Amino acid sequence: MAAVHDHDIAHAHDHHPTGMMRWLTTTNHKDIGSMYLWFSFVMFLTGGVMALTIRAELFMPGIQIVNPEFFNQLTTMHGLVMVFGAIMPAFVGFANWQIPMMIGAPDMAFARMNNWSFWLLIPAALLLIASFFVPGGAAAGGWTIYPPLSVQMGMGMDMAIFALHIMGAASIMGSINIITTILNMRAPGMTLMKMPLFVWTWLITAYLLVMAMPVLAGAITMLLTDRNFGTNFFNAAGGGDPVMFQHIFWFFGHPEVYIMILPAFGIVSEIIPTFARKPLFGYSSMVYATASIAILSCIVWAHHMFSAGMPVTGQLFFMYATMLIAIPTGVKVFNWTATMWRGSMTFETPMLFAIGFIFLFTIGGFSGVICAIVPIDIQVQDTYYVIAHFHYVLVSGALFSIFGGVYYWLPKWTGHMYDETLGKTHFWLSMFFFNLAFFVQHFLGLAGMPRRVPDYALQFADFNMISSIGAFGFGFSQLLFLYVVLKCIRGGEKAPAKPWEGAKTLEWTLPSPAPYHSFETPPVVR
Amino acid sequence: MSQEAGHGHYYVPAPSTWPMVGAIALFFMGFGAAFSVNRLPLGYGLLAIGFAILVYMLFGWFGAVARESESGKFSAQVDKSFRWGMSWFIFSEVMFFAAFFGALYYMRVHTVPELADLEHKILWPDFTGGWPTAGPWITEKFMPMGPWGLPAINTLILLTSGVTVTWAHWALKLNKRGQLKLGLFLTFFLGFLFVGLQAYEYGHAYSDLNLKMTTGAYGATFYMLTGFHGFHVTLGSIMLFVIWCRVMAGHFTPENHFGFEGVAWYWHFVDVVWLGLFIFVYWLI
Ligand code: HEM
Ligand SMILES: [Cu+2]
Numbered sequence: 000m001a002a003v004h005d006h007d008i009a010h011a012h013d014h015h016p017t018g019m020m021r022w023l024t025t026t027n028h029k030d031i032g033s034m035y036l037w038f039s040f041v042m043f044l045t046g047g048v049m050a051l052t053i054r055a056e057l058f059m060p061g062i063q064i065v066n067p068e069f070f071n072q073l074t075t076m077h078g079l080v081m082v083f084g085a086i087m088p089a090f091v092g093f094a095n096w097q098i099p100m101m102i103g104a105p106d107m108a109f110a111r112m113n114n115w116s117f118w119l120l121i122p123a124a125l126l127l128i129a130s131f132f133v134p135g136g137a138a139a140g141g142w143t144i145y146p147p148l149s150v151q152m153g154m155g156m157d158m159a160i161f162a163l164h165i166m167g168a169a170s171i172m173g174s175i176n177i178i179t180t181i182l183n184m185r186a187p188g189m190t191l192m193k194m195p196l197f198v199w200t201w202l203i204t205a206y207l208l209v210m211a212m213p214v215l216a217g218a219i220t221m222l223l224t225d226r227n228f229g230t231n232f233f234n235a236a237g238g239g240d241p242v243m244f245q246h247i248f249w250f251f252g253h254p255e256v257y258i259m260i261l262p263a264f265g266i267v268s269e270i271i272p273t274f275a276r277k278p279l280f281g282y283s284s285m286v287y288a289t290a291s292i293a294i295l296s297c298i299v300w301a302h303h304m305f306s307a308g309m310p311v312t313g314q315l316f317f318m319y320a321t322m323l324i325a326i327p328t329g330v331k332v333f334n335w336t337a338t339m340w341r342g343s344m345t346f347e348t349p350m351l352f353a354i355g356f357i358f359l360f361t362i363g364g365f366s367g368v369i370c371a372i373v374p375i376d377i378q379v380q381d382t383y384y385v386i387a388h389f390h391y392v393l394v395s396g397a398l399f400s401i402f403g404g405v406y407y408w409l410p411k412w413t414g415h416m417y418d419e420t421l422g423k424t425h426f427w428l429s430m431f432f433f434n435l436a437f438f439v440q441h442f443l444g445l446a447g448m449p450r451r452v453p454d455y456a457l458q459f460a461d462f463n464m465i466s467s468i469g470a471f472g473f474g475f476s477q478l479l480f481l482y483v484v485l486k487c488i489r490g491g492e493k494a495p496a497k498p499w500e501g502a503k504t505l506e507w508t509l510p511s512p513a514p515y516h517s518f519e520t521p522p523v524v525r
Numbered sequence: 000m001s002q003e004a005g006h007g008h009y010y011v012p013a014p015s016t017w018p019m020v021g022a023i024a025l026f027f028m029g030f031g032a033a034f035s036v037n038r039l040p041l042g043y044g045l046l047a048i049g050f051a052i053l054v055y056m057l058f059g060w061f062g063a064v065a066r067e068s069e070s071g072k073f074s075a076q077v078d079k080s081f082r083w084g085m086s087w088f089i090f091s092e093v094m095f096f097a098a099f100f101g102a103l104y105y106m107r108v109h110t111v112p113e114l115a116d117l118e119h120k121i122l123w124p125d126f127t128g129g130w131p132t133a134g135p136w137i138t139e140k141f142m143p144m145g146p147w148g149l150p151a152i153n154t155l156i157l158l159t160s161g162v163t164v165t166w167a168h169w170a171l172k173l174n175k176r177g178q179l180k181l182g183l184f185l186t187f188f189l190g191f192l193f194v195g196l197q198a199y200e201y202g203h204a205y206s207d208l209n210l211k212m213t214t215g216a217y218g219a220t221f222y223m224l225t226g227f228h229g230f231h232v233t234l235g236s237i238m239l240f241v242i243w244c245r246v247m248a249g250h251f252t253p254e255n256h257f258g259f260e261g262v263a264w265y266w267h268f269v270d271v272v273w274l275g276l277f278i279f280v281y282w283l284i
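Top to bottom, those sequences are chains A and B.
Just so you know, we're using numbering that gives the first Met the number 0 here: the first sequence kicks off at 0 and counts up by one.
Just so you know, we're using numbering that gives the first Met the number 0 here: the second sequence kicks off at 0 and counts up by one.
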């Protein structure tokens with residue numbers, strides 16, 4: 000037996016394909032992780048171009064740049080591309096790179112399927128992008144694809160549906176892989192409660208994905224048959240109900256927003272202790288908070304539908320359940336702050352992003368609680384207030400943690416230190432322009448400006464102009480990020496195995512850059 | 000290299016082209032499906048090409064895994080990975096069906112009674128609600144599918160097949176190859192029989208009962224749930240058939256037969272889903 004195995008490992012070492020074939024056929028978690036991250040960045044720029052076109056149109060009242068139909072396609076595709084193309088794959092990229100190294104495993108549990116999960120994203124992305132060029136254009140009913148609009152739309156909607164199906168299948172496979180890796184491939188001695196928090200948050204995220212993605216698949220399948228095969232799931236004339244789609248969609252949709260934030264919590268929970276040079280405060284409460292957020296996230300979905308009509312008991316239930324989530328979330332914010340308390344802190348770029356995350360994510364959490372209050376939400380539903388809320392949690396939350404994570408692990412991935420000055424510049428530019436773009440949207444929303452409309456009344460003009468300037472500033476700052484990353488890949492100061500003196504997790508015991516195969520012999524964790 | 004059993008011997012497959020082939024298949028299928036539901040000329044062709052590539056990939060990929068398994072590359076730890084993987088896959092399938100059962104529940108308990116309530120009398124004065132229904136605005140007459148004809152026979156068939164697959168599993172563990180072959184054969188035979196009867200039932204529904212996909216809430220949920228279940232039984236039967244072929248080729252040992260067990264789990268899953276269908280789709284009308 001042993002001989003067979005040694006031979007196989009040697010075999011894999013000796014000739015793996017080079018050039019393009021390396022990436023097409025790879026079974027290596029690091030290769031696949033890199034592909035995920037690059038894919039995500041390309042999608043980030045694609046979705047970013049859409050966002051800037053939207054903001055250019057909204058720079059002034061009136062219709063200047065795009066016609067309203069195209070504007071609607073842009074808002075829809077911006078949402079879909081960012082959620083499914085940029086944020087989620089970025090976190091899967093982190094999972095691929097980091098989880099095997101952090102738990103001391105040789106690779107992911109299903110290395111071949113891992114590659115399939117990634118490559119499936121390509122046909123899905125092509126379907127989404129190509130849908131702009133078919134008759135009728137891309138899907139334009141909002142990323143939430145509510146019927147009846149989404150039933151009436153042209154074939155762009157069918158393409159979006161199939162794209163979502165494929166991405167869903169990819170996510171499910173990816174998640175099963177991650178769960179199995181974590182449950183079955185930890186180094187001896189690494190008990191569950193010794194796992195780095197990033198690994199914990201991904202375990203729970205992957206569970207949420209396996210639970211929620213099939214429900215989305217069911218919803219869009221019903222949409223597909225309503226559109227093309229004459230079923231009446233969402234048509235009252237046939238005894239169906241368009242509001243039912245909202246229920247099913249948000250049963251997926253709310254867990255989905257936690258899918259996009261739990262790994263971010265994980266990354267921040269790695270960065271803060273490292274640069275505060277103190278162990279994470281309240282490790283086990285972090286684990287329990289993550290788990291309870293995941294459980295609660297399954298019973299709050301109708302807070303997205305308060306204005307769709309619902310019995311008062313339903314409103315009360317979903318209001319209180321939603322507010323309950325703020326408790327474990329608060330526990331987390333408290334723990335991060337307590338970790339920094341009296342720590343010997345330094346403020347390298349990852350730490351800046353992590354601290355920025357805590358500040359701005361908390362603002363987003365607060366506006367979330369405000370949205371959860373039914374009488375207020377009846378006013379702000381479908382206004383820019385909601386846009387402000389979820390950009391605070393998704394951009395300055397999820398995305399900032401991604402930036403922080405990239406800076407944190409770049410030395411391990413590339414073997415070089417990134418340019419600290421440029422990294423800090425990237426942070427401050429992002430911080431400034433992000434708030435410029437999105438803070439004013441709170442005021443716009445409270446004053447009643449509806450979302451997903453290309454024109455607006457004159458009294459909204461000033462804030463919109465500010466917001467657009469902020470958006471362009473934010474967008475262009477990200478080119479600096481690209482430059483810093485490319486520069487770091489191509490050269491720079493050599494990174495030691497452990498460039499951050501406060502880092503504790505297993506990946507820092509490996510040389511930088513991490514060798515192609517990391518833990519063929521598992522390390523023993525005390 | 001001396002490593003303790005399990006760890007360190009984890010089999011990481013060499014680079015493989017199958018994932019790429021699978022992505023190409025889904026590329027064709029995605030575009031093909033989008034084109035064909037919009038009746039564009041290329042649609043069915045693309046769909047067929049994609050499907051053919053997918054089948055090719057499934058054969059190649061599963062074939063590779065089977066060969067790896069038979070040549071003893073999988074340690075106990077890899078075996079455990081497969082078990083976790085299959086369990087979570089089945090869980091995802093449970094959630095997929097939950098969406099459709101949820102839709103059925105929501106329509107029956109919420110939407111249909113509401114459409115018949117006082118507020119809606121202005122719109123649809125004659126609609127009385129009640130299940131089964133095609134909704135307030137679809138007036139074509141239809142008959143519901145009763146439970147005690149074919150559906151009851153199908154229930155019996157599936158439950159029996161659950162017994163035969165367990166019988167085969169016992170045989171495999173005791174290394175009684177004859178009983179194993181017979182048990183598996185009976186199982187997939189019953190599976191295909193079920194699918195055949197289900198197809199016959201659809202014909203009956205369309206021609207005699209006027210029960211169609213377009214028959215409002217009842218027709219939509221009926222065909223969605225039974226259709227996806229039938230699709231899963233078909234897949235499961237094909238999987239059982241493949242396992243049977245592997246048994247005929249001498250694969251699996253009393254200790255090492257996860258391929259068999261995974262398919263058996265899957266089979267029990269479609270069995271349980273059917274019980275849900277029998278109760279909520281056929282019986283309680
Ligand atoms: C304390 C935590 C949170 C609470 C109480 C909360 C509450 C809410 C509520 C009530 C809404 C509906 C607003 C409306 O449509 O009128 C909403 C929308 C939204 N939230 Fe949150 N939220 C929280 C955290 C998050 C997080 C962490 C994310 C993502 C990372 C997120 C993403 C979103 C998104 C994307 C929407 C808008 C969806 C849409 O209509 O397009 N939220 N939130
Ligand atoms: Cu929500």
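Do not rely on the hints blindly, as some may be mistaken.
[To be verified] Partial list, derived from the structure: chain A residues whose beta carbon lies under 7 Å from chain B:
(1) A108
(2) N183
(3) G229
(4) T230
(5) T361
(6) I465
No lab work stands behind these hints, which were simulated from the structure alone.
If you're wondering where the values come from, they're calculated on a predicted model, not measured in any experiment.
Even glycine gets a Cβ: it sits at the ideal position worked out from N, Cα and C.
So, going through the hints one by one against the coordinates:
A cut of 7 Å between beta carbons decides the hint on A:A108: the least distance to chain B is about 4 Å, and the hint holds. With a least beta-carbon distance of about 5 Å to chain B, the hint placing A:N183 at the interface is held under the 7 Å criterion. Against a cut-off of 7 Å between C-beta atoms, the interface hint on A:G229 holds, since the closest Cβ of chain B lies about 4 Å away. Restraint check, A:T230 versus chain B: the minimum CB separation of about 4 Å is within 7 Å; hint holds.
The criterion of a C-beta within 7 Å of any C-beta in chain B is not met by A:T361, whose closest approach is roughly 32 Å, and the hint is violated. Taken as an interface hint, A:I465 does not check out: its beta carbon lies about 40 Å from the nearest beta carbon of chain B, beyond 7 Å.
Checked against the numbered hints above, the structure breaks hints 5, 6 and satisfies the rest.
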